[in-house]
Structure formats: structure tokens, C-alpha cells
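K.L.:
Sequence:
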Amino acid sequence: MSAPFLWGSRIDLPAGISDSHMAALRNGTFLVVGKVGTPSEDVALKAWIYDADGSLKEEKVLETPAYSQFPADYLARHSSNPFAVELPDGRIALTWSLAVSELGGQFLSWLGIYGSDLRSAGDLKPVAGLYGDSQSQGGIFKADDALALTDGRVVATYRSEGGQAFLRILEADGSLSSPLSLGSTLPSDRYSDFESHIDLAALANGKVAAAVRTSGSENKIYILDPAAAGGPTVLKEISVPIVAPPGMKSLEVTALEGGGFVVTWAESGAIDGSQSEPVVTVRFQIYSVDGTPIRSEPLAFYTSVAEAAAVGTPDVVALPGGGFALAAQVVTGTFPSRSEVRLATFTATGERVSDKLLVSRPAAEGEFSLQGLSVLADGRLAAHLSNGIQIVDARSEAVFLKGTAGSDHYIGTAFNDTFDGSAGADRIDGGAGIDVVSFVNAKAGVTASLSNGTGGDAAGDTYVSIEGLLGSSFDDILIGNGSAILKGRGGNDTYSIKAGDVFEEAANEGRDTVIVGSSHTLALDAQIEVLRLEGISSKISAHLTGSNIDNEIIGHAGTNTLKGLSGNDLIKAFSGDDRIYGDGGSDTIHGGTGNDRLYGGSGTGRDVFVFDTKTNKSTNVDRIYDFNPKYDAIWLENAIFTKLGKGAPSKPMKFKSDMFVKGTSAKDKEDRIVYDNKTGALYYDQDGVGSKAQVKIATLNKNLKLTYSDFFVI
Numbered sequence: 001m002s003a004p005f006l007w008g009s010r011i012d013l014p015a016g017i018s019d020s021h022m023a024a025l026r027n028g029t030f031l032v033v034g035k036v037g038t039p040s041e042d043v044a045l046k047a048w049i050y051d052a053d054g055s056l057k058e059e060k061v062l063e064t065p066a067y068s069q070f071p072a073d074y075l076a077r078h079s080s081n082p083f084a085v086e087l088p089d090g091r092i093a094l095t096w097s098l099a100v101s102e103l104g105g106q107f108l109s110w111l112g113i114y115g116s117d118l119r120s121a122g123d124l125k126p127v128a129g130l131y132g133d134s135q136s137q138g139g140i141f142k143a144d145d146a147l148a149l150t151d152g153r154v155v156a157t158y159r160s161e162g163g164q165a166f167l168r169i170l171e172a173d174g175s176l177s178s179p180l181s182l183g184s185t186l187p188s189d190r191y192s193d194f195e196s197h198i199d200l201a202a203l204a205n206g207k208v209a210a211a212v213r214t215s216g217s218e219n220k221i222y223i224l225d226p227a228a229a230g231g232p233t234v235l236k237e238i239s240v241p242i243v244a245p246p247g248m249k250s251l252e253v254t255a256l257e258g259g260g261f262v263v264t265w266a267e268s269g270a271i272d273g274s275q276s277e278p279v280v281t282v283r284f285q286i287y288s289v290d291g292t293p294i295r296s297e298p299l300a301f302y303t304s305v306a307e308a309a310a311v312g313t314p315d316v317v318a319l320p321g322g323g324f325a326l327a328a329q330v331v332t333g334t335f336p337s338r339s340e341v342r343l344a345t346f347t348a349t350g351e352r353v354s355d356k357l358l359v360s361r362p363a364a365e366g367e368f369s370l371q372g373l374s375v376l377a378d379g380r381l382a383a384h385l386s387n388g389i390q391i392v393d394a395r396s397e398a399v400f401l402k403g404t405a406g407s408d409h410y411i412g413t414a415f416n417d418t419f420d421g422s423a424g425a426d427r428i429d430g431g432a433g434i435d436v437v438s439f440v441n442a443k444a445g446v447t448a449s450l451s452n453g454t455g456g457d458a459a460g461d462t463y464v465s466i467e468g469l470l471g472s473s474f475d476d477i478l479i480g481n482g483s484a485i486l487k488g489r490g491g492n493d494t495y496s497i498k499a500g501d502v503f504e505e506a507a508n509e510g511r512d513t514v515i516v517g518s519s520h521t522l523a524l525d526a527q528i529e530v531l532r533l534e535g536i537s538s539k540i541s542a543h544l545t546g547s548n549i550d551n552e553i554i555g556h557a558g559t560n561t562l563k564g565l566s567g568n569d570l571i572k573a574f575s576g577d578d579r580i581y582g583d584g585g586s587d588t589i590h591g592g593t594g595n596d597r598l599y600g601g602s603g604t605g606r607d608v609f610v611f612d613t614k615t616n617k618s619t620n621v622d623r624i625y626d627f628n629p630k631y632d633a634i635w636l637e638n639a640i641f642t643k644l645g646k647g648a649p650s651k652p653m654k655f656k657s658d659m660f661v662k663g664t665s666a667k668d669k670e671d672r673i674v675y676d677n678k679t680g681a682l683y684y685d686q687d688g689v690g691s692k693a694q695v696k697i698a699t700l701n702k703n704l705k706l707t708y709s710d711f712f713v714i
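For the sequence shown, counting from 1, position 186 maps to 186 in our numbering; every step adds exactly one.
The set of hints was computed from the structure by calculation and includes no laboratory data. Source: prediction; values computed, not measured. Be careful, since some hints might not be right.
What the hints assert, rightly or not - Keeping only pairs whose Cα atoms sit at most 35 angstroms apart, straight-line, the calculated DSBU-like set for lysine-lysine is:
{"#": "1", "residue 1": "K630", "residue 2": "K651"}
{"#": "2", "residue 1": "K702", "residue 2": "K643"}
{"#": "3", "residue 1": "K692", "residue 2": "K702"}
{"#": "4", "residue 1": "K667", "residue 2": "K572"}
{"#": "5", "residue 1": "K249", "residue 2": "K236"}
Work out the full structure: start from the sequences and follow the hints.
P.N.:
Right, here's the structure in full:
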């Protein structure tokens, strides 16, 4: 693993916010929920969405509709300790504690579902504190943690004034499972103790780990089956003993990649038994997926008396690719009023990988506490501090990120990352390394450049520091910038490239086109079928050279030099005085207008020279240097040479024997093509009787054994 480092500056929390909570979202952004206002003013429950770079994207008041005797927005104005979690479909589940003065100062545990646009879905439910719709259950029930399951259900926990922990599941049909007791926890009163005492983690085997903090000498981990018939069921109860009594100050759990989970806590007591004054330290234990500890004793985050944790809650998150990161509030010495937050990374078996990184401002500048630690969708970490949010990059290898159907924002690593360009207007910042946006999973062709996308799944995308594009299995248009890596894969792809771009196509992956704005030579083994000039002034000459497969090589209105190689190539020029070389293979050559120099290539290739532009004895007379009557042919377009009959490129019509003559002019009215074997001149005569002058169309070598069978009408 690489040493973690601070990514960007600290992000300030919204002004006036209290009871803030942060949640990372799958589209790469993150959400902060909290309250604004004071009891003497209007209190609002609000949400703020931040882009992956920490810039504020959206701010919205979370409305709560009327429920039973509670009018609209009452549930928001009287909320405390909101907690948000994202569901698999992008909706947001929000839990909070509701203070109800009308019911004698009771607290109710509440759960609401909001759309991805943060509008209430109208599905708000009391988790505890009410019987049915309105009858008071009595007492204090404070919301604690929430967890989204992969099937879209929501696990919600709460605790009672008497110190009992409970769990319920919001089912897909909107019903709530019966409460499941998770034993005793710390009691909750009306005026304090909104700190979470229950923490949830979804395990790799589909089960759920619930960590419950108690007031005794040991805390509990419950392994639950959330899909058991009749409601969630406890499968295993695990005791977490306190190494150094008298007590534990917090308890957090997270699932590790590949199975298992890690539990961390802060406890009050001596680190090594040598000091007379107790300190608060942070420990952690790692468990296999079935709840078996993998170490005989918990490990300490701090390893000397000179280091200790303050009273803040530590938190732990799994790292993509394995291992975990642990952060905690820390002071040096013994409990001054100033503190700071530090973070370190560990392997999946608990070996420390990095030194403790200072995440907050230093303790010398004030008291800074940790509110929570999250993993962003792109693998970076976000430490929610008492004075803001600090992003930390602990990634030690390249990432592969698959986007959502919405608008995503991801930031890459210093390695060679791959981003799946899913639907939606995405913003992807590759960072350092050679990074690629992939459309392998697209359902249709895309149009994309290294700066943005305009078609298919790429539509609306913005790319920063992206070096490559990987196309779909459909017809893509990939646009280079002079340093791009372009790979089209299947489909009939089009590459618009500049000098310096690299493109790659394999055999049997469609009919692919490369468009260039300057001279270009394909690699000998390039699996590109079409090479074309575009976007270049007719005053500028250019050279194109194909590969060893069958190419279609197309010039522009200027003067071109076009070269095929060993394939059976189709080569087209336009209005300049061009040079065209067919080289090996059986090539089809269109000189266009202009006085062109045409070379079919040596050997036995059956080359075709096509004349399909308006004749002009001065400005449109081509020179064919290597016409071989034994193998080659001349095709004449019937729309230009109107007296030859009808034919088509797909079915050329053979000349009749009396349509061709050797000499300096036509001999009778059937003669149409005249070959002067002394000069090599080739003429077209409209009527063969001289009423209209014959026009020179080409020059061949002298004394060729040319016959009528060398000519066809298309």
C-alpha cells in the first residue's frame, strides 16, 4: 500500500449546521445531512451534495409530509441526529430521532425514504415510539444506525431510555419487521446522548454484523441473518472484552473485502499497566466472516504511553483492494483540551502499513474531533471532522470504476485507471497515470473525445486527464487529440486522429475508419479498413499509406500521394494532380479530376483504373504507368461516357469488340475508345464519325497489347 496523503484542502461544513452526518454516494459525490436554525427560529432538515472534488453541487431542504397528528415539516423541524444511507437504486434512506413535546418530551425513532433528487418519496415511518399510526408507545426511542442491503431493504437500529438496543428491517413493500432485541446498551435520556451506540456492517456472505456498545466489561457483536423467515435472526453472539478497564467509549465495525470484518473501539485504561493515570486508547480486532477472531489479542492503534486517544469516536473503513483504514482523535501526553485527528492504514490481517497521517489541523491550533470516516466511490477516504471534511487518498493501485446510470464524478489515482463510461453526464478526472474511459458495457455506439462525449453513453461527459478511450461492441466515433490511446473493439468504428494518437483494432472487429487531417501511414499490421483525409485545405498536399490488409484509401481536394500495400485496395483521389500507388494485390484506383499519375503495382494483381469524372483534355488526363493488359482493366462511368451503354460497379458490362480501336482516331460509328499505340494516348469518341471531337482521357505506355476486353462500363 502507498502512504496515504491529504487530497485537496479541507472542505468547510455548511454555515450553521448541527447534527451533521456524511454519506458517500455511488456516483462519486457525497452527501451531508444536518439541521440548521435554532429552537427559537425555524429549524430545517437540510441536505448538501458535494462533487468528488469537494465543490458544492446542490443544497436542498428535506421536506417531510404530514403524518397522522404531525403536520407537514413537523418531523423535520423537531429532528435530531439525522443519519443517511444510499439504497442500491440511488434513493436515500434517512433515520432520525424526533422530539415530540406534545407527547411529554418523548423521542420517536423515525425512518424516511427520499429519491435521488432528495425529494420525499412520501414513505415516512415511525420505527419506534408509536403503536400503529398514532398511539403513543411512551418513553424515549432514539434512532441510531442504518444500513442498506443489496436487495434494497433497509436495516434500522434504535435504543430505548431503559438501555435496550433494537433492530428492524424496512421491507420492499414498505412494511417493518418485528423489533429484534440486540440486548442491553447505554441508556438514553431526553437531553443528551445522541452518540451512536450501535454500528452495522453488511458482510460478504449476505449476513449483517451489529456491534453494540454496553455499559459492562465487554461489548457485543451479533451476526444476523437479515433474510431469515419470520424476520431477522441472531446467528451468533460475540463478546468483545475490554483489555484495559474501566470502560469502552465507542464501538465501530466494518466489513472487509473478501470476507471478515474489523471492530475498533476506544477504551479507558492503562496501555501497558505501567502508568498510574489511565489514558484512553484505541484498539481493534479482526474477525473471519463467521465471527472467529484471527488474533489472540486485539491490537493497539497507539503503541506508547506518549500517545493516547481523546474521548472522540474512532472509525474504520475497508480499503478497496484489501486492508482497512482507521482514524481517531488523538492527543500527545495526558488529556489536554486540544486534540487532532490522525489516520493509518493496515493490511487485512492487521499489520500496520502507514504512519499516522495528520488529517485535521494540529492540536496546537485547537480541539478537532472525528465525526466519521467514509470511503468515496472512487476509493478515496473522507474524514468528517468537527470543522469540515478532509479527503484522504490511500489508494495504492489503479482502480476500475463502474459508473451508475446517472451523472457520476470520479477522480483517479496516480496509476493507470479504467473508468466504465456508463450512461449519464459524467465528469471523470483520471489524475496521473495512463487512464482510460471504457464503453465496453455500452448498449449502443458512442461518440467521445478525450475532453468530452457527445453520443450514446458518452453524451454529456467531461474528461480531465484521460489518455485513452475504449469503445463498445457497436459503431463508435472516437476522437483523438494528438496523444490519445483509442481502442474501438467490435463494431464499425471511426477514429478521428491527429499526429501522435495511437489506435488499436483487432482482426474481425468490424469495418473501421481512420480520419486524419494530415499525412498518415498505417502500421503494416493495422486492422483498419478505411483511411481518409478530412478537414484539410485543398492548398495543402498530403500523403496516405495503407496497411497490408484490404484498405479503402481516400484523399481530399488537394494534391495527394496515396499508397496501398499488399492488400486489395480501393484508392480514391479527387481534384488535385495526384500520385496513386496500388502496390501489391488487386487494387481499384480512382484518380478523380486532375492530371494524375497512377501505378497499379507490379506482379499479377488484377488492378482496375476507374474513370468517373468529367473529361477535360488539358486538366483531367491521367498517366497510367504500369497498365498490364494481361491482368488489369479500365472502367468507364456511363454517366460521363454516355455512349457506351449501361453497367454498374457491382456488375461491370464488357465492351463489345467493335467499340475499341487502335490508331489516332475512330474508324466508324461504333468506335468509342481509341488507343494510339505510338504515343500511348487513350481517347474517348462520342460518335465515332468525327461530328464531335474525341477527347483524351489518359496516357498509357506505348505499344501495349490492348484489346476491347480490357474495358468495362459501370
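K.L.:
None of the hints should be skipped; say for each whether it holds.
P.N.:
Hint check:
{"no.": "1", "hint": "K630 - K651", "in the structure": "holds (20 angstroms)"}
{"no.": "2", "hint": "K702 - K643", "in the structure": "holds (26 angstroms)"}
{"no.": "3", "hint": "K692 - K702", "in the structure": "holds (25 angstroms)"}
{"no.": "4", "hint": "K667 - K572", "in the structure": "holds (34 angstroms)"}
{"no.": "5", "hint": "K249 - K236", "in the structure": "holds (23 angstroms)"}
The structure shown violates none of the earlier numbered hints.
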